[in-house]
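Working from the sequences, and respecting the hints, build out all of it.
Below are the chains, spelled out letter by letter.
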Amino acid sequence: MKQIFEGIFSSKGKILTKNFTPGKKVYGEKLVKTGSVEYREWNPYRSKLCAAIKKGLKKLEIKKGLNVLYLGVAEGTTASHLSDVIEEKGLIFGVDLSQRTMKKFIELCEDRENLVPVLENAEKPEKYEKYLKNSEISLLYQDLSQRKQAQIFNKNAKKFLKKGKLGIIAIKAKSISSTENIEKIFEKQKEELKKEFDIIECIPLQPYEKSHLLCVMKKK
Amino acid sequence: MAKKDDLRRKLIQKARKEVKTKYVGRESHIIRAADILSDLDEIFNLLYEDSREWYGIHFPEMDRLVKTPEIYLNLVNELGLRKNFSEQKILKYYKNKEKAKQIETKAKNSVGSEIEEKDLKKIQSLAKQSLLIKKEKNSLVEYVEKEMKKELPNFSNLCGAVLGAKLLSEAGAIEKMVKMPASTIQVLGAEKALFRHLKSGAKPPKYGLLFQHPFVQQVKTVNRGKMARSLASKLSIALKQDFFSKKEKYEKLLKELEKRASELS
Ligand SMILES: C[S@@+](CC[C@H](N)C(=O)[O-])C[C@H]1O[C@@H](n2cnc3c(N)ncnc32)[C@H](O)[C@@H]1O
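Chains as they are written, first to last, in our numbering: chain A, 198 to 417; chain B, 107 to 371.
Careful: at least some of the hints might be erroneous.
[To be verified] Derived lysine-lysine pairs resembling DSBU-like cross-links, with alpha carbons at most 30 Å apart:
1) B:126 / A:360
2) A:221 / B:355
3) A:324 / B:365
4) B:355 / B:365
5) A:381 / B:346
6) A:417 / B:110
7) A:345 / B:365
8) B:255 / B:365
9) A:415 / A:260
10) A:371 / B:120
11) A:356 / A:330
12) B:123 / A:330
13) B:365 / A:359
14) A:345 / A:360
15) A:345 / A:417
16) B:123 / A:327
17) B:255 / A:355
18) A:301 / B:355
19) B:282 / A:286
20) A:222 / B:365
21) A:415 / B:282
These aren't lab readings, by the way, just hints derived from the structure by calculation.
Given below as structure tokens:
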């Protein structure tokens with residue numbers, strides 16, 4: 198068991214996080230015990246952040262106690278691993294507008310005391326602003342299958358991220374436009390993001406995800 | 107710490123309430139109803155068959171004269187024994203003079219056996235139950251039509267509410283169906299054939315539930331696949347219209363489909 202980032206481990210080619218709720222699985226992942234500590238395997242085909250780690254992401258500054266704003270949390274697959282990392286002192290606000298997935302995420306929130314559900318549209322941060330006013334956000338994470346993903350990300354960053362804080366976005370080429378060529382789409386999105394961020398690195402996610410790019414950035 | 111927990115409890119409560127009321131969807135009710143419609147059809151057909159079989163002991167000739175289930179059941183239920191089958195009385199439930207006359211004649215000369223009052227009562231009770239099930243089904247159809255027109259007006263107008271609800275049931279959720287490529291909508295309900303195709307290279311299915319659509323039925327048999335494809339692509343557009351505004355603007359799509367259907371007929 199080798200630690201690659203704080204709270205994130207690697208062993209025999211698998212990425213793992215320490216299970217914040219020992220004995221419980223979230224999405225059918227394998228539980229692995231070493232000594233008295235239980236880890237959850239993180240599936241790169243189910244989580245874009247894990248795919249990026251597998252593809253050699255160099256830097257990932259997340260750690261215990263951070264507050265995270267997660268846009269497009271869905272059923273909480275990725276969020277559950279972030280929840281493992283930030284532990285009980287941290288907090289993740291999981292925003293999603295799909296009632297169907299939100300139902301599952303609420304159950305996960307009941308199990309994990311560092312997760313909070315927010316059933317809102319990420320394009321309208323003013324709707325959930327009031328819940329975040331006492332929590333300084335250190336990481337803005339976004340994975341929306343949406344046009345205007347970069348604009349939505351910037352809008353939220355302006356409201357909630359202070360200078361120097363971390364932004365991570367999974368960009369999906371297809372949902373922006375299916376005809377433009379993929380490289381061009383990525384370039385355009387990066388241009389947009391550069392208005393608010395300094396880009397640290399961007400990683401294409403194949404073979405785990407088609408036409409996806411994950412960018413790690415610092416707020417300007 | 108306490109503050110954080112308070113906030114968390116509050117937001118969990120709020121989200122729970124919202125998924126229950128604001129969002130939880132009318133669609134779950136529509137899907138239930140669509141599935142039950144198929145069950146009711148099946149139950150009705152079974153009971154109807156049973157009633158005919160049983161009543162046929164007494165009046166076997168009626169089987170060939172009355173083909174509409176509701177009329178048959180009403181006649182059994184209201185008139186009972188053969189001897190009550192006068193043209194006058196028959197006409198109350200079967201508004202067809204010629205047929206009524208025929209039935210009267212056949213009733214008089216029937217080769218069926220006499221039955222006892224207690225047997226007839228049982229047969230009639232069965233007929234009554236079947237009619238009630240039919241009624242329940244019809245009112246459920248009305249319900250589905252109303253709800254579908256509210257939730258997915260453009261889609262329902264192109265597809266027909268009941269068929270649309272069955273597609274929705276196959277898809278599982280409106281959101282999922284909205285995101286489906288037209289090619290998937292085209293074969294919804296043909297999962298078995300699709301699976302066979304993927305697994306063993308059998309011919310891919312050309313349509314699933316869309317086979318039931320009047321336009322697909324109307325065109326030449328060889329053109330059904332093509333018609334299903336056009337239909338699916340318009341349905342996919344209609345779904346997006348519904349998802350984003352629900353304003354009725356299906357007219358143009360419908361005109362295009364009508365045109366396509368007449369080209370393929
Ligand atoms: C690809 S999924 C996210 C998967 C998730 N991040 C994970 O790895 O576990 C995209 C999600 O974004 C949500 N979404 C799309 N547009 C949105 C918006 N404008 N506001 C909030 N959520 C949105 C969808 O409902 C969907 O659940």
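Tested hints:
| no. | hint | verdict |
| --- | --- | --- |
| 1 | B:126 / A:360 | 38 Å, violated |
| 2 | A:221 / B:355 | 49 Å, violated |
| 3 | A:324 / B:365 | 46 Å, violated |
| 4 | B:355 / B:365 | 17 Å, holds |
| 5 | A:381 / B:346 | 27 Å, holds |
| 6 | A:417 / B:110 | 28 Å, holds |
| 7 | A:345 / B:365 | 37 Å, violated |
| 8 | B:255 / B:365 | 24 Å, holds |
| 9 | A:415 / A:260 | 16 Å, holds |
| 10 | A:371 / B:120 | 33 Å, violated |
| 11 | A:356 / A:330 | 10 Å, holds |
| 12 | B:123 / A:330 | 22 Å, holds |
| 13 | B:365 / A:359 | 58 Å, violated |
| 14 | A:345 / A:360 | 23 Å, holds |
| 15 | A:345 / A:417 | 20 Å, holds |
| 16 | B:123 / A:327 | 18 Å, holds |
| 17 | B:255 / A:355 | 41 Å, violated |
| 18 | A:301 / B:355 | 35 Å, violated |
| 19 | B:282 / A:286 | 36 Å, violated |
| 20 | A:222 / B:365 | 54 Å, violated |
| 21 | A:415 / B:282 | 35 Å, violated |
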